[in-house]
Amino acid sequence: MRLRPSDLVYEGAVWAVAGFAMLLLLAPTVVVLITSFTGGQTLKFPPPTWSVRWYVELAQSSELIGAGWTSLKLATFATLACGLLGTAAALGIARSRSTTARLLDSLFMSPMVLPAMAFGLALLMVFSVLSVRLSLWTLAIGHVVICTPFVIRMVSAAVQQLNPALADCSFSLGASRWYTLRRITLPLIGRGVFAGCFVAFLASFDHVPVSLFLSDARTEVLPIKLWQILEASLDVRVAAVSGVIVVVTLVGMLLAERLFGLAANVQESR
Amino acid sequence: MQNPVTRRRTFAALGEALPAVPLALFFLAWFVAPFLLLVIISLFDTAEFRALGLRQYGKFFTDGYSLGVLWDTLELGFLVTAVCLPLAYALGLVYVAGGPHRRTLILFLIMMPMLTSAVVRTFAWIVILGREGIVNNTMLALGLWGTPVRLLYTWGGLVLALAQIQLPLMALPVINSLLKLDRNIVDAAEALGASRLRRLCTVIVPLTLPGALAGALLVFAASTTAFITQTLVGGGRIVLMPLNIYQQAVGVQDWPFAAALSVVFTVSILVITYVLNAAAQRRMRGIDAA
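Top to bottom, those sequences are chains F and S.
Numbering-wise (the numbering used here), the first sequence opens with residue 1 and increments by one.
Numbering-wise (the numbering used here), the second sequence opens with residue 1 and increments by one.
No wet-lab data here; the hints were simulated from the structure.
Certain hints may be false.
A few chain F residues that face chain S, going by a derived Cβ cut-off under 10 Å, partial list only [said to hold, decoys possible]:
#, residue
1, D7
2, A27
3, I34
4, T35
5, L188
6, G190
Positions of the beta carbon are idealized from the N, C-alpha and C atoms, including for glycine.
Starting from the given sequences, assemble the full structure and let the hints guide the process.
Here you go:
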């Protein structure tokens, strides 16, 4: 095959843009890790001196650790609830072509597109009208809605790849619906369920707009705490928290890839 | 009267959808009902909830400030989407052309920021764009700039930071459509003498439009509602819809007006999503017919 000069220019341009995109994708993670080891008082980059002092400060900062715990508890509740409800729902609608199933699918996916700020305010109004006191539970209700689309997408993708003949075989051999679900269907879509829950967990841990309206002093979550610190002053402790989050997320991703092929699941669900 | 077979089928269809009922009820109670309540609250004329009327919407549409904020927010969404599109396609083309190792590497590069907290990524952009940040220090060291330039708290900085933060949402669907694209069609274009650029513009992009559109809608929606990045990288001087809603609801405690702002914002996003979808579907039909 002969390359024309214009083709060479084209290849060069594609690679240049792609290289820029890859740099963009990689930069923040690297920058955060490097900044967190600064010995200085400011976010100067590259850091003037190196130290772990901000990690030490973080270990002594009870408010940040408390907010981190709240976020972890919240993300765990939300993930368990939407993992259960979402997997069941995806099993019900993923294969069906009926109008009801398509409508339900759009409904369950809509939190990804509708402004979360509007939803947070709306939910606050509901709790206020019902005179329900805000708590970790009310916050979890909001997070379940926000995280459901991730579970629905990935479990649906797994269900759609399932061979329906397997369940039929199980029925014809006399297995009950419940037994078939436990022994055939769930093991086959398990990777999709775990991948969906993993992404849902991280989405909840990171979510701000709904928490902004529904969390109070007792249920302060980590991302909002970090936002408040950054708004008030560019405190370097945030760099240490960010460093911890980046490393934990990376380790989680590698584990998830090993255990249930995260990348393939994320890709198939799009 | 339905015949027994049809009736049995209807029951079977209902039985199939049964596992979706709990989540459907949950969404009715905690997602649909709240939005309905939001609309009702927006119809109160005063913050004391006395009289019903359309005063809040009148206030919004006659007030240049609020309209300007809405317009800026939508413009931000379009700009970020426009920056993400070429980046996602370039990534996708390099991905599809590569072997398994390169593909895994690119996929991880895309997923890593997607799964890392947005607050953390926003924080990284503060470090990159800050007065003593990477960009300023590099440009000063190279002698290209005499004094530090303000990049943080500017419109350009905000668009770039949001584009990076939302790029994965666009890159994944684009890569998926590129993977599903029938290579034979591209090869045919090549055999007929089309240059690479021409193949991209007249064959590859039109045929992968659904993926690009799915990504575009996600990026648009996510960047218009990205409260954290908007307030931290944009700073206090750039007021967009999410901050406006927050200030009205929490700061001023004017719930009816905050509700009206939320309704207008939600409806604008829905209308834009719908129009883009309809336009893309018409285009796809045109391609199928040709």
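To see whether the hints hold, each was checked on the structure:
no. : hint : in the structure
1   : D7   : holds (5 Å)
2   : A27  : holds (7 Å)
3   : I34  : holds (9 Å)
4   : T35  : holds (5 Å)
5   : L188 : violated (16 Å)
6   : G190 : violated (16 Å)
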